[in-house]
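Dock the two chains into a complex; use the hints.
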Amino acid sequence: MRIAAFLSILVTTTTLTAQDIIYLKTGESLACRVDALTDNIVNFSLLSNAGTAGGTARRTVPAVQVDYVEFDFQEGEEAFFEKRNAATSDQLKSWWDYYLPHLHRPRSRAAAYGIAFAAALLREIPDIAGTRALSIFDRIIERAWSADDIALAKQGRLRTLMALGDLETATVEARLLASQTEDPGLLIEVNYLLAMADFQKLKTLQEEHPRWEEDDEVRPERNVIYHRALDQFLWPHLFHATREEVAARGLAGAAGLSLFAGEIDAARARWGDLLRLYPGTTFATEAKTLLETHSSPTTAPTDKAP
Amino acid sequence: MHHFRQVSLFRLRPTEDFCLVSAGFLLTHGPMFGFTKLLLLLWLIAGPPLLGQDEPEPAVAPAPVPTGPDLEAEGPAQLLERGRAAFAANDFAGAEGALEKFIIDYGAAEEAKEAVRLHRPLVAICKVGLKKFDEALKWIDESLTDPKIDPELSDELRFWRAICLMTAGELVPAQRAFGEYWANEGHNAFKRYEALLLFATLYIQQDFPAEAADFLEEQLSKYRDIAPEAASRAVVLELYARLQAEQPDKALAVLRREHGNMDRMTQVISFQTLALQLGATFLEKEQFYDAIICLQRIWPSARLLDYQKAKIAEINDRITVLEQRPNTQGIVFQLKAILKRVERELENFEAVENFDSALRLRLAMAYQGLERYTEAALIMEEMLVTMPADPIVEKATLAQIQCWMEVRRWPMAVTAAERYEDVFGADGPSLATVLFLKAEALREDQQLNAAQLVYGELVDRFPSDPFAAKAIFMQGFLYLQQDDNDGALYQFDQVGRQHPKSGMVEDADYWTGMTHSFSGLYAEAREHLTAYLNRYDSPKYRKEAIFRIAVCTFSLAEYDEAIRLLEAFNTAFPGDPFTDEAYLLIGDACLGDGRIEEGFAAYEKVRPESVRFFEDAWFKKGNAYKLLEEVPKMREHFEAFVTTYPASARLPEAVYWIGWTHTQEDEPERARRIYWETIEKHGNDPDMSTMTDLFAGLSKVYLPGSEEGREELLTRLQILKGRAAAEKQYTLALRAGWAKSLVQEEGGPRSGRTELLDIVKWVDPKVHDPVITIAVAGAMLESGNLLTAKELFTNIRKWHPRTPGRDRIYQALGDIAAEEGDTAKAIGFYTRFERESAASLQLGEVRLKLASLYDATGKSREARETLESTLETAGVTAATKAEVLLRLGHSHAGSDDHAKAIVYFERLYVAYGKFAELNAKAYWARGQSLEKLQLDREALETYEELVAREDLKPFDEFPKAAGRIVSLRRTVPAEPEPGQKEAAL
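Protein chains in written order, with the working numbering: chain A, 1 to 306; chain B, 1001 to 1985.
Read the hints as simulated data drawn from the structure, not as lab findings.
Quick caveat, the model's predicted, so the values are computed rather than measured.
Even glycine gets a Cβ: it sits at the ideal position worked out from N, Cα and C.
Check each hint, because a few of them may be wrong.
Unchecked claim - Covered stretches of chain B (in silico footprint by chain A; criterion: 3 or more residues with CB under 8 Å from a CB of chain A, positions within the stretch not fixed):
#: 1; segment: 1374-1381
#: 2; segment: 1795-1801
Unchecked claim - Within a straight-line C-alpha distance of at most 30 Å, the following computed DSS-like cross-link-like pairs (lysine-lysine) qualify:
#: 3; chain 1: A; residue 1: Lys201; chain 2: B; residue 2: Lys1790
#: 4; chain 1: B; residue 1: Lys1501; chain 2: A; residue 2: Lys201
#: 5; chain 1: B; residue 1: Lys1825; chain 2: A; residue 2: Lys201
#: 6; chain 1: B; residue 1: Lys1540; chain 2: B; residue 2: Lys1501
#: 7; chain 1: A; residue 1: Lys203; chain 2: B; residue 2: Lys1825
Extracted from the complex, chain B is given alone in its bound form (with noise of 0.2 Å):
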């Protein structure tokens, strides 16, 4: 009987082939993957124990069994025990000496057959203890000719008996034998995995890993159930081998397959490297949806390691449990079998660096490369929020930027750019290009102010970055975008200076010349773009610059010449869009140079397409006709235009013509006709927004001034309100009723509300033209209406926001807001107003009453600043200005500031005299706060001055200030007489 003590044996290596596979593939695919594979060997690393054998104690060396004497002078007895004892100790020299020594010098013998027999599989595992692998299997063979071998030892040597040959390099016997141990399912089950696991390994290595993970996937299925752990070493292994089978299609399958089983893995961490060595491959293959599924399934690393260290502790506990009770040391030889590979894994993990932040970028990148750019972004800005700053994010950072510009969300390019900035700093590699994108994601938000000091800084913190060159182009443009000619000049010619061999450089030449001819300098554009076009073989802006030469020539009104160039440019350039300015500029010269019928053929070379320039050519031509006479030919011109071009903003203009043809032949009814003929047509077309021109323009053909003309045309349009009407012909009947009341503004600004009032029922903000419903509504507003006004001036914005006349809806919207009490809305309503009205004339009164309300609220500060923006505003009033200077100084009084109010108050009446009443006024409170001040002696003087002044007479500050004169007097002494001054002294 077998009594082996349990010993420990050895831990299987991976063979050096496999070692340089992995060293190959560090080097190709980097130090992640390179990882990968290494973690896919852990499960050779940690090999199955022998049957009934010991775990190593690590820390604990073989104990040696003492030498005795010399192996020759003992006889088979003691070789005997001298080799078991030895062997039990795991002293396999020890063993192998004393035993094989027995089996050759007495195994000959009859009587040692016996023993030879059942010592001949202890030599074997001693040498494979001992790594003899070659020696071992010549034992092994020979013990398992025994027919009476042990089963159990049987077992045991069959497996090492693969593993000799495997070591040997015998691959496929070595192979064969797995593969016979696993079929036998009477084997050892732990080891029969092992075997399984190694028969597909033995696949790989001899570059059969389409086999290996075929035979993985068919073999699953009968012991996944049974042996977990194993099966999903098996799902890694399979992993591992349709990766370098380069079937990511299949492998992507596994993936899908046991990604539910995840949480259930020992070796989680292998299986979710390969993931993401799949999901870069995918990548490689711009495959994005693929390498999308792979990636998504990755867990982060905190959350793989904390999974790994709970399996380790799980692992652990159990080992605990296990090792009290009896019968249990195989499973606990398994447990710490797996153990080992489980902390091997978590080591080699815990040193990979950047494993989160590479798994994002490609997670990011996948999505980038199916132009998912929102979610390419958003995955980096995860990314970026929770990450450390590495290389890695680092160029995520600068993708993102790219990513939130395709987007065209500005804020968010501007956002990531800072947080660049702040992150990286001036250590950042990419912080000129990031500075150049910031600025442009500001440029592109209209931030003009804002990327102009960010191009400047990019220029002056990396003035030989090849950005720079582009950032000072850049402040050149924004110059010319902001009509600052001279500034853009300037930059465009640093471009040049500071970087010559800029390719940008040809990009500011030719906007030099551009920038002339912006600045009417145009003989100095023509003779500059004539330079630029000789400087370059084949200059970018070749065509941009024959064209502004010939338009240079033209406004320097040198028409053959320019007729010249012109021709010549739409010659070379047939069908190019410049060729309908070009007709154009070509029919101007021609009729400059007297050259009638050539400027007309050239004005009908205009394409209608070009519309602006189509609709210059028509009415040039229509003035020609006017020019010389024609005035037939002119209506003619012009009445085909209202008849062919119905939908023209032009379209009232070329009524007016054909009545101005009308008139010059005195025949004033026909040019009305043209006018009701046309209103007929598109009066009630809501569309035909030029109507509303069209309305206005009838008093022109009325005999302006006159009372029987203005009379006939009320008449006219009375006449057709109601027939309109009648006909449900809304639109129209609104229009004539707005005409109507424009005419009877002519007698009072007043007179005509009663009509804007009369035609509120057919307005409808949505379609009708604001000109028309913002003057209904502030009728309804003047009328007291507040309700309807208010309606109708919040649907005009709604439907008209950029309508010109939206100073009046916030305005009036501001109004109702403070009639109804809602101080916020109305300070709103005016704040908008202020933002989007300031050319508007009713700037500073709105800021009067936006200041009130800010006093209302008791917000002293923004009144005071409204005030003073108001005494700055253009257009605003001497009366207002007055008023504002009031306010101001009663502001500061009431704030006990009387040293500020006096000021203003003094400002008040020396400025605007003329206003008696606010002039009272101010002398009053200047005299009060110069009490305050204790200054007696100026605030009597302040009195005196307003006492003195007849035309504040009438005032109530005039007996106030007397009043306070008699008082003062009593305790202010005097003033000296000079004279008597000087006899003082």
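Same shape as in the complex, but just chain A (with noise of 0.2 Å):
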């Protein structure tokens, strides 16, 4: 009998008592329970029906059979693989290294898992682990099987590079992210590290120059930052409105900027615009209480604007 043929008796005959799913290329689906699986095989066993006699049957597909395998979760792992994005890295550890070995497999949790415990390195301890969630990024990055994932990872690999402060190497490679993708969720997000990037830029660059307006070279390459921070940020707010969340954020960015440039009216106004255009954002709140700080303009208007 043929495989395939056998395995299409055993969808019809076994129950749903087991927890992992093979999905066959041929469309059909098999509950079992996976014992061991590799680029070439699939070993599991079937569950019998709850009956007097119990036991399994361990059984064998070729891999080149297998569409795909969702693995059942573990006791009391679903409820965590919800909230992965809030658990610690200690939590998530061992997860990822549980699933480490499926990363590459079609709907494997892996990468979601790795992404959430690079995430929490670099939530908690940035400094000394950004190294470490580089490489968990970068690994996510060569072996997932999804794209969603990779480009999270990659937005995850450019986070953790700008904050191990490489914003050069961030830059070319957000840019270059930004020139492959014409995903507006992605692209938001890359826009957004860019701007970052560069507003952090500008501020290392003040820092090495105060006195940059009265510097002939030096204004100029600060201008073109600004500027550039400046478009980024408002990027979305101007063409992804209606993603009110991030375009929020963007405009929040670009108020933050302009307070950081001392150009206190430019943003009053973001702020003033934030409000009323997003009112119903987690950033409505901060800017609200920025607008009521910055009450009235500390320095005098001048006519130079940005």
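Structural data, given as structure tokens:
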């Protein structure tokens, strides 16, 4: 009997008490417990009907006939997986290690755990764990099966590079990424990261050149960075305004940039815009506070616009 | 029982009234919004089918039932048979004729009553199908009196009754009929939704759009989930009604409420086109935020088209699937009606031009209205890059340039202008304006030459354009800025000649007078400006011209007249900023006339807030005391200045004059005391940058040139330095140490270095005067402490980027980088030195170093260019130039270009013969190059010249040349003596 036909029979005869599911390329699926999974074979145990005999039957199917395997959640995992982005790196590490061998397999949860784990590392101890986070993101970019996961890992890599202070590499990679995608969501994220990188560069440059306004060499460079950051911050607000959260984030970034540049009126205007256009976003509260804090211009208006 | 074959009926058309309204809308709001209105009528155009009847096949005409014998000749059974057959074949006329005749002729008969009851509704339907609405109404009403009428047929007729009433213009009864139909939940669900929409439409037709909108809003929740398609049409109608009712805020609420449902709407194009109209309404009312909220939610046309096409494909797929299943005709009819609407909407939308550009432009205008010029410009930028050229894009480009100029992003303005030129070229109706704005942006960006060219281009290409006159004027103004007064005068003259009626003529006229004044032609200036004032009834520059005439009169030394004119000015323009300068000039003029008291009085009227004129007046008065030899008064005068204005940049000057008065009275110690008192008072204040000058001026009051005075000063400074350091007054200690180094350097340039190295510990580049800190950093560099020197120079530049000493900073940082082997950085610093310190005496030296670095990195061309520029550099010493020539020669020889190399070598020893060592090298190198060129005779002559010069004997090249002479003489025949030549001939 051909294996597909055999499996086809199994599909109809086994009950769904088990918990991994093998999806065949024929379109059929098989509930079972996966015992071993390699790039060549899948070993699994058929779970018997609940009856007096009990027991299982072990089978093997060539990996080439398998479309993908959906692993069932371990006990308590499902709830954890839902909230993985709020979990600590300690909690996430074991799951990442557990699923890592399946990173390249379709529908594997490995990448999701990896992204959450690296993000947690970056959040908790950015100075120390930055390099580790970077290697996790790189691993996911290299091996993950899902384009969405790879895109998230690329964003994570950019954030990590920025956290590590490697703005140059982050900028180059972000520009490359932006040129390679038409996905507005990814573009928004990448542009935001580019804006943040430029903002950081601006801060560094102005720290190194506190009198940049008087410096004919530095002033043009500063203005280029400033304007580039401003334009990138404003991008989602101007072109993807219905994505209110990211649009408001960009507008808040632009306001922060204006504030840093001492352009209080421009900052106030942008906080005002945020409150009028995106009142329901998470950035509105802070914008309101900042607007009240800077309720009157601290510097006399000048004719020098940004 | 009814066994109607499924037959087509009719499609309701928009009423004439509606068409008229649409036409009016087209006229007032342009094609875009006319389209909006038309879209709204689509749901009417695709009306619902009758119960159990097919959609018509558009290409196939109703199959006519073959006409039989004359009806008059037929009996009741035949009439019935014929009528029913015709009805089944969509032949409404045939059916109507036969069935109506049957009812009229035989209906009164008792035995025909049941047949009449059954067929009366069919007659009604035929009349509706034949658009005989008036007649149909009577038949429908009669049919509905039948208590036994089939409920489905009753349902159908009640709906069409309402339609008939509406078509007959009976709007109120029609609306009531639709309302009753909608209110009865037992009616056909599909037609109920149509009834609902028609009910609302009749409100609009009766000019009650607000009521229509309120009704639709109120009813929406009752069927939204079960009839999403009808609900989406109701939403479109509601938005339309809100707009008609001039309730933009409520319309905005609809938009906000429904925005999330847009990707489920079947008529999303109608909805979004209405949103665009709403945005435009807000824009007109200057409610910019609301306009932005509307416009931000509108999809680009490509997305709308894709969405609608996908919708059509989806509906077609569903129809195909459903048609293969039994009992699905009703749904299929609904789907076909929807398909019709969507297709019509799409077809109309595809014909709309400029949708995206209109949308983007409006959004940009809203941001512009909020004075968010960056946002507006960025929106237009995206639109211009991605959209094909059209009239809206053309206007937007112009607006974008203006926006960039508003936020002073000059390069962006220039780029936008260049794009306009590229895209629209000579066809661009605003090209002249664009060129003018481009020139202005270039001028603001300090690209004066480029600006000049663009103004010129504008004048050449558009000589008659109003902007041409402005451009000619601005060309003149640019010449004036660059001190080319003749050029300016020519351009100002051209304004009047080429554009005599332009408003710029007056500007050019005034500035012609000003240009004469700037050129020192005061009589001409006065004459011109006087004529200018007489030429215009209310001259634009009246005040300025009157003042300048007075200034010119003063400059011509006509003091009495100048005083009269200046006083007249001050009377005419009290409080004007010019009055300070006027009082200063009155003071000068009075003193010139010997009217001392009046002069002093005038000086005293100059206000302190004018700063420069005020200080000028103060010092001129002090100088007058000096001339009058009123020394105590002079001292008192300057002491008052020191006390009152210690922050003035002229404080050291005032102290100097106080000291001078003491010196005049033979009291040198008191002269010194005023210096020390001032130093004690302000010497530790880092903000008092004038203290540097005061410390530097100390030697003037310590018997200049006398060893005794020098020693005394050094001792005094040492004591001050030590005390200040002990008291942690480090700025004072630093200044004292630096002043000490200055005095020590009088004994030799390196004498002060030790002192400077000693005070490095107190240097804070952020607050201390670069004059001092650069000297200290230089001492560190000279002493080999590159690390500290580098840090100091870097920080000095960081905190004082415009310090006049930046040439030393760049040179030092370049030297340090070169020493550290960082060639790229060294080249960077030397290049900045070149750019920023063109007048520096060190320029030649730096260029030599730069050339060496270029050579070292294989950049021969850059090296030669740098060396060539060194030859042209003012202030470069002859020794440097000689060295440059040698290196240029070697550079060309190194590239095997010996023909060029020999020119440089020869130029060296011809022009700079006194540099013996370089001359020896040049002779030798030239000889070598000539040999490479196989010009052995010339090479021999060169070597012979070298050995003929006694002063070159000490150098290595001398014996080498002698050796080559011996060798070459063996192969090069001796030149015949002139006499021998003649004999040979």
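Verification of the supplied hints:
1. 1374-1381: holds (count 4)
2. 1795-1801: holds (count 4)
3. Lys201(A) x Lys1790(B): holds (23 Å)
4. Lys1501(B) x Lys201(A): violated (53 Å)
5. Lys1825(B) x Lys201(A): Holds, because 20 Å separates the two Cα atoms, which is no more than 30 Å.
6. Lys1540(B) x Lys1501(B): With Cα atoms ~16 Å apart, Lys1540(B) and Lys1501(B) stay inside 30 Å; holds.
7. Lys203(A) x Lys1825(B): With a Cα-Cα distance of about 22 Å, the restraint between Lys203(A) and Lys1825(B) holds, given a limit of 30 Å.
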